[in-house]
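A.B. asks: For reference, the chains in residue letters:
There are 4 protein chains.
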Amino acid sequence: MLEKLTKARNLSKANNAIKRLISERGESNALSMADDVVNNYRKLAKDQYVSFFTYLFEKLHPQADAVLKAAQDFVADSSARNYIQLQKVVESPRQEFFRRLNRASQGTAAVVEMRRDLLQLLDKKPELAAVDFDLRHVLSSWFNPGFLKMHRVDWKSPAEVLEKLIKHEAVHAIDGWDDLRRRLQPDRRCFAFFHPQLPSEPLIFVEVALLPEIPTVITPLVDKKAEVVDQVSQFKVAVFYSISNCEPGLRGVSMGNFLIKRVAEQLHAEFPGIKTFVTLSPIPGFMDWVAAGGNLGAGVPADRLKPALKLARDTALAVLKLESQSWTERLAGGWHPDLASEKEKEALLTLASIYLGLASTGRDGNPVAKFHLGNGAKLHLINWAGDLSRKGLRQSAGLMVNYLYDLGSVEDNHERFANGEIVYSRAVGRLMAS
Amino acid sequence: MLEKLTKARNLSKANNAIKRLISERGESNALSMADDVVNNYRKLAKDQYVSFFTYLFEKLHPQADAVLKAAQDFVADSSARNYIQLQKVVESPRQEFFRRLNRASQGTAAVVEMRRDLLQLLDKKPELAAVDFDLRHVLSSWFNPGFLKMHRVDWKSPAEVLEKLIKHEAVHAIDGWDDLRRRLQPDRRCFAFFHPQLPSEPLIFVEVALLPEIPTVITPLVDKKAEVVDQVSQFKVAVFYSISNCEPGLRGVSMGNFLIKRVAEQLHAEFPGIKTFVTLSPIPGFMDWVAAGGNLGAGVPADRLKPALKLARDTALAVLKLESQSWTERLAGGWHPDLASEKEKEALLTLASIYLGLASTGRDGNPVAKFHLGNGAKLHLINWAGDLSRKGLRQSAGLMVNYLYDLGSVEDNHERFANGEIVYSRAVGRLMAS
Amino acid sequence: MLEKLTKARNLSKANNAIKRLISERGESNALSMADDVVNNYRKLAKDQYVSFFTYLFEKLHPQADAVLKAAQDFVADSSARNYIQLQKVVESPRQEFFRRLNRASQGTAAVVEMRRDLLQLLDKKPELAAVDFDLRHVLSSWFNPGFLKMHRVDWKSPAEVLEKLIKHEAVHAIDGWDDLRRRLQPDRRCFAFFHPQLPSEPLIFVEVALLPEIPTVITPLVDKKAEVVDQVSQFKVAVFYSISNCEPGLRGVSMGNFLIKRVAEQLHAEFPGIKTFVTLSPIPGFMDWVAAGGNLGAGVPADRLKPALKLARDTALAVLKLESQSWTERLAGGWHPDLASEKEKEALLTLASIYLGLASTGRDGNPVAKFHLGNGAKLHLINWAGDLSRKGLRQSAGLMVNYLYDLGSVEDNHERFANGEIVYSRAVGRLMAS
Amino acid sequence: MLEKLTKARNLSKANNAIKRLISERGESNALSMADDVVNNYRKLAKDQYVSFFTYLFEKLHPQADAVLKAAQDFVADSSARNYIQLQKVVESPRQEFFRRLNRASQGTAAVVEMRRDLLQLLDKKPELAAVDFDLRHVLSSWFNPGFLKMHRVDWKSPAEVLEKLIKHEAVHAIDGWDDLRRRLQPDRRCFAFFHPQLPSEPLIFVEVALLPEIPTVITPLVDKKAEVVDQVSQFKVAVFYSISNCEPGLRGVSMGNFLIKRVAEQLHAEFPGIKTFVTLSPIPGFMDWVAAGGNLGAGVPADRLKPALKLARDTALAVLKLESQSWTERLAGGWHPDLASEKEKEALLTLASIYLGLASTGRDGNPVAKFHLGNGAKLHLINWAGDLSRKGLRQSAGLMVNYLYDLGSVEDNHERFANGEIVYSRAVGRLMAS
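From first to last, the protein sequence lines are chains A, B, C and D. Under full-length UniProt numbering, residues 1 to 434 are what the first sequence spells out, in order. Under full-length UniProt numbering, residues 1 to 434 are what the second sequence spells out, in order. Under full-length UniProt numbering, residues 1 to 434 are what the third sequence spells out, in order. Under full-length UniProt numbering, residues 1 to 434 are what the fourth sequence spells out, in order.
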């Protein structure tokens with residue numbers, strides 16, 4: 001009962017703090033009012049976040065009639081004067097609110113935190129997408145790649161930074177401090193983006209292996225007992241074997257793309273002998289797609305369904321006969337790449353090439369392929385038996401992919417991808433055609 | 001002739017670089033395209049800037065019909081979906097262009113530089129105000145006070161920072177390195193805002209004198225031979241005697257207000273004995289206003305012209321008799337505060353109090369008064385014979401002002417000022433009434 | 001065979017490198033010759049160190065006859081001229097050799113490393129003590145406390161520094177990174193000395209707990225699950241619960257003494273509420289001394305063996321009856337402080353007070369007591385059941401000691417200790433008298 | 001009178017502070033006693049320094065009889081034990097005193113300062129050379145080149161560092177901040193040694209010009225209006241045109257030698273195109289030596305006075321006829337290199353080659369030549385009309401010298417110089433022979 005009262009009072013305090021900060025008084029305040037909002041927000045219970053953000057949605061929305069008036073004037077005369085008036089009435093006061101909030105002593109962190117909380121509400125409260133739009137808009141401006149600092153993370157880095165790598169590595173989990181140390185040895189690199197305002201928070205990081213050649217199998221790269229190679233002359237290829245975001249509140253703020261390219265440039269400058277930049281990536285969703293009959297993609301326009309591809313897919317599916325035994329059953333029965341028939345292997349590789357080739361189509365494309373191909377990488381190689389872990393077998397029958405970053409072609413490739421085209425090597429082309 | 005061709009080619013290159021950067025290819029480019037725009041811009045002749053910015057104005061403007069459609073939908077239903085659509089079509093592509101430009105290696109500096117150039121064109125090309133609006137919008141977001149670092153500038157600071165103080169000090173010119181050194185001694189302080197991206201550029205700086213009491217005269221504060229006081233126990237008052245912007249490209253981006261308050265907080269923490277924060281400020285424009293008959297301000301609504309004030313003004317003007325001899329002539333004739341009659345002194349002080357009291361009114365208010373009173377300071381004291389320099393006598397008959405920053409009242413004062421009210425001390429009140 | 005040849009060649013190369021570095025050519029060399037010595041030394045096998053250091057001993061020794069001549073001149077006339085000549089011929093060329101060695105790129109580290117290796121040879125080759133004397137002499141000069149930087153070590157410190165704490169903690173072993181993190185929380189502190197030349201090497205570190213009162217039991221201080229107290233107002237006592245050297249090559253170079261005092265000063269400045277600085281220390285060797293009959297110390301002059309002390313000791317020993325059952329047997333039989341009789345407890349405490357009171361006597365004193373009392377601390381309290389670990393019961397029947405650092409008395413106490421006097425509290429005095 | 005008493009009291013306080021610091025109590029003191037010595041020393045009047053240092057000389061001298069005893073033991077048996085005993089009694093307690101003094105908060109600076117003061121007393125009080133010996137001994141150990149950090153000094157450096165360059169430049173005076181800035185532009189470099197303990201004190205600095213070829217004339221190098229060359233490809237030669245000590249208290253502590261070599265190595269790494277490292281140096285004392293008859297050097301052993309050299313000298317002197325008109329008179333009469341006859345020019349160049357060739361001989365050698373040749377440089381070229389300033393004409397008839405640092409030969413050259421040999425180019429050899 002008492003608790004209920006306290007909660008209600010907290011919410012009302014938070015709303016009042018919002019009101020004050022966005023008022024005239026808030027315009028020139030140094031930071032106390034911004035601090036108030038942050039402190040009051042932090043006292044809210046989780047189930048009060050909806051009310052907090054709904055308040056922002058309802059009370060700080062643009063005035064519809066003023067918007068219409070300004071739009072009509074702008075249509076009549078697109079002059080600077082009308083343009084400016086239009087901008088002023090259309091921008092929601094929420095954006096100014098978030099900018100003022102940023103003046104608080106931990107302001108930037110608080111805004112990021114709020115978005116993290118908000119994102120978890122969107123499923124249930126889709127109208128809060130308006131607030132999310134504003135948050136993402138200011139965050140994209142503040143976390144502009146021009147403001148991010150790329151730093152190498154190594155064994156000299158602060159423990160508080162390193163523990164965040166352990167926590168956030170999403171692709172190949174880091175098994176404690178010894179595993180981490182191995183990944184920071186001279187033949188491994190780790191780079192992260194930092195924002196000047198959050199110096200102990202890696203925002204996104206990429207792990208790199210320096211190798212004599214393009215790898216086809218993941219195990220040696222993440223083996224914490226692997227011998228360290230420290231002869232620089234042996235480094236010919238830089239392999240991005242993992243890239244992870246640390247900050248859910250920055251979802252949708254483009255960073256990975258820029259990080260990979262900046263790392264490639266830096267490694268290129270440090271090791272003139274390294275000329276190849278490539279990933280070794282998983283194919284999440286592949287076997288689910290196969291199991292579902294290898295649908296060529298919702299929203300794929302009719303004219304892209306080339307008959308040849310359809311035929312190749314159907315032939316391959318017929319080889320696998322998943323309708324007689326599901327993939328899970330087959331794995332349970334001991335299926336393993338080493339035991340697969342040549343036909344089965346061929347069928348799986350062909351299907352993977354078709355699946356990845358759909359990356360540029362709407363909702364159904366593989367997200368990893370989308371990310372790298374969208375960045376301007378090329379689909380270079382599909383590797384048989386690249387990941388023999390349980391997870392690897394289940395999601396992609398053990399297949400892994402190399403995406404190739406050729407710095408001279410990434411912009412061109414990116415544009416072709418944006419126009420619906422996939423850039424792939426001859427080897428992959430042959431698979432598609434088989 | 002050849003030069004003309006080169007110039008034309010440069011402009012066309014610059015425009016193409018804009019086009020590429022804002023295109024799909026530019027979306028994910030790391031920095032080369034942004035670098036291209038910067039480099040091409042720097043090759044333009046000054047008289048080509050108009051063409052460059054006009055290109056931005058014309059080609060990267062929102063689509064009027066799409067704006068109208070979105071506005072109509074929003075009026076019909078202010079849902080999140082319609083809100084987001086509205087924002088997307090209303091935001092001009094220029095803003096995205098500047099955000100991409102920021103990825104260039106010297107991107108932030110280049111954007112600031114472009115605005116500096118643009119501001120000089122606005123008089124002749126008022127329609128470019130639309131471009132300026134966008135520039136100021138992104139710069140305000142990037143130079144949010146939450147991102148600025150306040151650093152003390154002293155004799156340990158890099159020479160390249162210090163020379164910028166010498167160059168940009170706008171109120172009391174710094175006469176070389178020896179003068180500067182005096183202003184950085186233990187009884188003087190200098191603080192500046194820096195942006196993480198521009199670490200050797202002070203953006204705005206304030207000079208402070210630590211004194212035993214509120215000063216009424218400027219000379220001892222800026223005397224480079226003044227003896228240094230290093231007994232902390234003698235510091236009771238912090239005097240902001242000069243505040244200068246270093247970066248014309250950031251005009252209109254609020255910083256001074258936050259700087260003064262942050263400095264006050266820091267000095268308060270460092271010297272618990274300092275309880276008074278005050279300025280010693282000039283009154284530019286005062287004698288011009290007097291000479292023009294002490295008009296009470298264009299745009300001052302009728303009901304604010306209190307008869308008592310009018311009477312006081314007219315009485316004072318009658319004492320001065322400037323219609324019989326202009327201010328310039330009188331100064332040339334040797335006028336000096338020490339020689340003024342008591343009546344003259346009274347008249348000038350009264351007029352100054354009236355003039356400063358008009359600060360909150362529209363266009364005509366005194367800019368220094370507007371700045372400090374708008375920040376929430378109080379009009380504390382008007383000092384006779386505070387600045388006996390030629391400039392001081394000419395612009396304000398030697399008068400200077402103390403504005404008082406009482407940290408506990410600044411937000412309240414700011415709000416009252418925004419509502420058209422001036423907060424002043426009793427002493428100033430008596431002058432107005434006299 | 002081949003290996004033998006290689007080894008011999010390596011030794012000869014190392015000796016030649018010594019010769020060159022100490023020659024005229026070596027005087028002005030920048031660093032290549034010094035690098036040569038370091039590199040050649042590192043190629044030696046462990047069993048060749050004796051030869052290396054013996055070479056230094058024999059070839060770089062002062063000339064005896066020149067020494068005598070200079071000494072005779074100095075006795076005849078202690079003039080500056082004779083003084084200087086004396087110094088020149090007496091100083092062994094080894095010292096200049098080590099100073100030149102320090103110019104190598106990793107010179108300081110190499111010299112420290114050499115001493116670490118040398119110390120392990122002294123038992124078998126006592127004449128190498130001459131080389132050790134020179135090494136310690138130059139290292140004491142270089143690692144003068146005036147050159148050491150005290151830094152707080154916390155979770156922001158580089159992992160490479162932190163892992164050295166885990167490795168070198170000698171008193172209460174750190175059980176991995178989670179344990180370490182607990183010891184770096186706000187209610188714990190860790191400070192270390194660093195040398196500018198070895199920035200990632202903590203030389204010696206002390207761990208501190210901030211508590212509301214003087215602790216008598218060690219367990220809660222080193223419990224990695226202990227709740228963190230972060231209310232500064234609760235901190236009244238700073239407890240040095242562990243101090244460890246990281247660098248064996250610096251044995252005998254005074255640092256701990258200065259570290260503890262500097263930490264106390266810094267904590268005093270940071271937390272004015274902390275007025276008590278105290279240790280919670282083990283008593284290694286205590287039960288061995290009891291078992292051996294509580295001998296009052298080889299080399300204790302007769303007049304210090306006060307009859308009262310002897311009597312107290314004998315009475316206490318009689319209570320314990322260790323001649324009938326050894327301490328080990330008793331522990332094996334389940335002896336535990338909680339089960340001890342009041343008499344037994346009294347006897348052990350009395351014996352401990354006598355044992356610790358012997359700290360200032362020659363070879364036999366307890367080293368921990370010697371260290372703290374020699375630093376000027378006071379013997380403050382002996383705690384029953386302070387350390388119930390197996391090791392604690394075995395070495396000191398679970399007793400622990402608080403040594404008190406009263407910053408105002410440490411110099412006085414140090415001098416009294418140097419004159420053979422122990423400074424203790426009344427409580428300890430009563431134990432001695434009981 | 002009162003002042004006299006105060007002075008006496010100050011001296012007595014200083015002496016007592018010495019006594020306490022060197023006593024047992026001082027052994028483990030953290031820093032208060034050391035601070036006491038520093039503070040009391042700083043209160044002394046200049047004329048009391050003699051008393052202060054005499055106290056150190058008399059009271060902290062080794063015991064002569066103990067020295068003799070230890071020396072006799074050492075002659076009888078040079079064992080480690082006797083060696084250590086010898087070292088202990090021979091080392092003067094002053095050295096330990098200075099080491100303890102170094103623990104004071106500004107200890108290192110204070111010790112350097114004391115030596116600066118002491119050096120000015122040596123002429124009048126030669127027995128204080130013993131104290132100076134000890135000071136130099138500890139300072140040489142502390143300022144070992146292995147501990148010095150070489151930093152580039154540029155326009156980003158703190159003003160407090162830069163003003164020290166202006167103050168201490170001893171060869172080509174820096175005419176204010178604008179002149180300094182020119183010397184820090186991309187085609188000029190400045191490097192200095194710093195000690196970690198004195199981070200804002202450049203100890204010694206060298207100024208470098210990056211040029212396309214070896215310069216023969218100084219003017220363009222130190223012209224503050226000279227155009228800046230920023231094309232790296234044009235840099236072929238690094239010219240050390242000035243080297244200056246900033247710290248008189250470190251006289252005799254070798255640094256310049258190491259600085260020049262480290263700078264050469266760093267420039268070599270940064271600019272692979274720079275292969276030549278050379279000075280452009282003055283010849284102070286040359287015309288004085290000529291005027292005095294070109295004596296071949298006090299202490300030059302007879303067999304080095306080669307008859308050919310004597311003849312060359314006498315012939316050249318005869319050409320100049322300085323006995324008929326002194327050098328000063330001749331300059332006053334308008335003498336200028338451009339007006340000199342070919343014979344005169346030849347005579348002066350020959351005499352300069354002979355004069356510089358005497359650098360390796362005892363007291364009379366040219367100090368600049370001694371420094372560079374002693375460092376292992378080669379006498380490369382003597383330039384006619386290299387320095388037309390008044391000072392240049394007066395001291396060396398306008399001649400300047402290039403000394404060449406060939407990194408591969410410096411150690412060899414150094415050794416030859418130590419053996420009395422000068423390494424010179426063929427061009428210089430021809431001059432000697434002419």
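I should point out that these hints are in silico values taken from the structure, not numbers from a laboratory. None of the values given here were measured: they were computed from a predicted structure. Incorrect hints may appear among the rest.
[Claimed, not checked] No more than 30 angstroms apart at the CA atoms, straight line, and that leaves these computed lysine-lysine pairs for BS3-like:
{"id": "1", "chain 1": "A", "residue 1": "224", "chain 2": "C", "residue 2": "43"}
{"id": "2", "chain 1": "B", "residue 1": "124", "chain 2": "A", "residue 2": "88"}
{"id": "3", "chain 1": "D", "residue 1": "225", "chain 2": "B", "residue 2": "224"}
{"id": "4", "chain 1": "B", "residue 1": "156", "chain 2": "C", "residue 2": "156"}
{"id": "5", "chain 1": "D", "residue 1": "343", "chain 2": "B", "residue 2": "156"}
{"id": "6", "chain 1": "D", "residue 1": "46", "chain 2": "D", "residue 2": "125"}
{"id": "7", "chain 1": "D", "residue 1": "19", "chain 2": "D", "residue 2": "7"}
{"id": "8", "chain 1": "D", "residue 1": "306", "chain 2": "D", "residue 2": "370"}
{"id": "9", "chain 1": "A", "residue 1": "225", "chain 2": "C", "residue 2": "46"}
{"id": "10", "chain 1": "D", "residue 1": "156", "chain 2": "C", "residue 2": "149"}
{"id": "11", "chain 1": "B", "residue 1": "125", "chain 2": "A", "residue 2": "125"}
{"id": "12", "chain 1": "C", "residue 1": "149", "chain 2": "A", "residue 2": "156"}
{"id": "13", "chain 1": "D", "residue 1": "370", "chain 2": "C", "residue 2": "19"}
{"id": "14", "chain 1": "C", "residue 1": "43", "chain 2": "D", "residue 2": "343"}
{"id": "15", "chain 1": "B", "residue 1": "125", "chain 2": "A", "residue 2": "88"}
{"id": "16", "chain 1": "B", "residue 1": "225", "chain 2": "D", "residue 2": "321"}
{"id": "17", "chain 1": "D", "residue 1": "224", "chain 2": "B", "residue 2": "167"}
{"id": "18", "chain 1": "D", "residue 1": "4", "chain 2": "B", "residue 2": "156"}
{"id": "19", "chain 1": "C", "residue 1": "225", "chain 2": "A", "residue 2": "46"}
{"id": "20", "chain 1": "A", "residue 1": "149", "chain 2": "B", "residue 2": "156"}
{"id": "21", "chain 1": "B", "residue 1": "224", "chain 2": "D", "residue 2": "224"}
{"id": "22", "chain 1": "C", "residue 1": "225", "chain 2": "A", "residue 2": "43"}
{"id": "23", "chain 1": "D", "residue 1": "4", "chain 2": "D", "residue 2": "46"}
{"id": "24", "chain 1": "B", "residue 1": "149", "chain 2": "A", "residue 2": "149"}
{"id": "25", "chain 1": "D", "residue 1": "19", "chain 2": "D", "residue 2": "156"}
{"id": "26", "chain 1": "D", "residue 1": "156", "chain 2": "B", "residue 2": "43"}
{"id": "27", "chain 1": "C", "residue 1": "224", "chain 2": "A", "residue 2": "224"}
{"id": "28", "chain 1": "B", "residue 1": "156", "chain 2": "A", "residue 2": "69"}
{"id": "29", "chain 1": "C", "residue 1": "59", "chain 2": "D", "residue 2": "69"}
{"id": "30", "chain 1": "D", "residue 1": "391", "chain 2": "D", "residue 2": "321"}
{"id": "31", "chain 1": "A", "residue 1": "43", "chain 2": "C", "residue 2": "156"}
A.B. asks: So if I understand the rule, the pair passes when the alpha-carbon distance is 30 angstroms or less; does residue 19 (chain D) with residue 7 (chain D) pass?
C.D. replies: Holds: residue 19 (chain D) and residue 7 (chain D) sit about 19 angstroms apart, inside 30 angstroms.
A.B. asks: Within a Cα-Cα threshold of 30 angstroms, do residue 4 (chain D) and residue 46 (chain D) meet the stated pairing?
C.D. replies: Within the cut-off at roughly 14 angstroms; holds.
A.B. asks: Assess, step by step, whether the Cα of residue 124 (chain B) is no farther than 30 angstroms from the Cα of residue 88 (chain A), and give holds or violated.
C.D. replies: holds, 24 angstroms
A.B. asks: Decide if the proposed pair is consistent with the structure: residue 225 (chain D) and residue 224 (chain B), CA atoms, cutoff 30 angstroms inclusive.
C.D. replies: holds, 28 angstroms
A.B. asks: Is the hinted pair residue 306 (chain D) and residue 370 (chain D) satisfied, with a Cα-Cα distance of at most 30 angstroms?
C.D. replies: Holds - the C-alpha atoms of residue 370 (chain D) and residue 306 (chain D) are around 21 angstroms apart, at most 30 angstroms.
A.B. asks: Sort out whether residue 69 (chain D) lies within 30 angstroms of residue 59 (chain C), counting only the CA atoms.
C.D. replies: It holds: about 24 angstroms lies between the C-alpha atoms, which stays within 30 angstroms.
A.B. asks: Given the proposed pairing of residue 225 (chain B) with residue 321 (chain D), does the C-alpha separation stay at or below 30 angstroms?
C.D. replies: Given pair residue 225 (chain B), residue 321 (chain D) is violated - Cα atoms ~54 angstroms apart, limit 30 angstroms.
A.B. asks: Are the Cα positions of residue 224 (chain C) and residue 224 (chain A) separated by 30 angstroms at most?
C.D. replies: holds, 27 angstroms
A.B. asks: Can the restraint linking residue 149 (chain B) and residue 149 (chain A) be considered satisfied, given a maximum Cα separation of 30 angstroms?
C.D. replies: holds, 16 angstroms
A.B. asks: Could you grab the alpha-carbon distance between residue 125 (chain B) and residue 88 (chain A) and see if it respects the 30 angstroms cut-off?
C.D. replies: With a Cα-Cα distance of about 21 angstroms, the restraint between residue 125 (chain B) and residue 88 (chain A) holds, given a limit of 30 angstroms.
A.B. asks: Tell me if the straight-line CA distance from residue 225 (chain C) to residue 46 (chain A) falls inside 30 angstroms.
C.D. replies: holds, 27 angstroms
A.B. asks: Is the straight-line distance between the alpha-carbon of residue 224 (chain B) and that of residue 224 (chain D) 30 angstroms or less?
C.D. replies: Holds. Residue 224 (chain B) to residue 224 (chain D) sits at ~26 angstroms (cutoff 30 angstroms).
Consistency note: the structure conflicts with the earlier hints numbered 5, 11, 14, 16, 18, 25 and 28.
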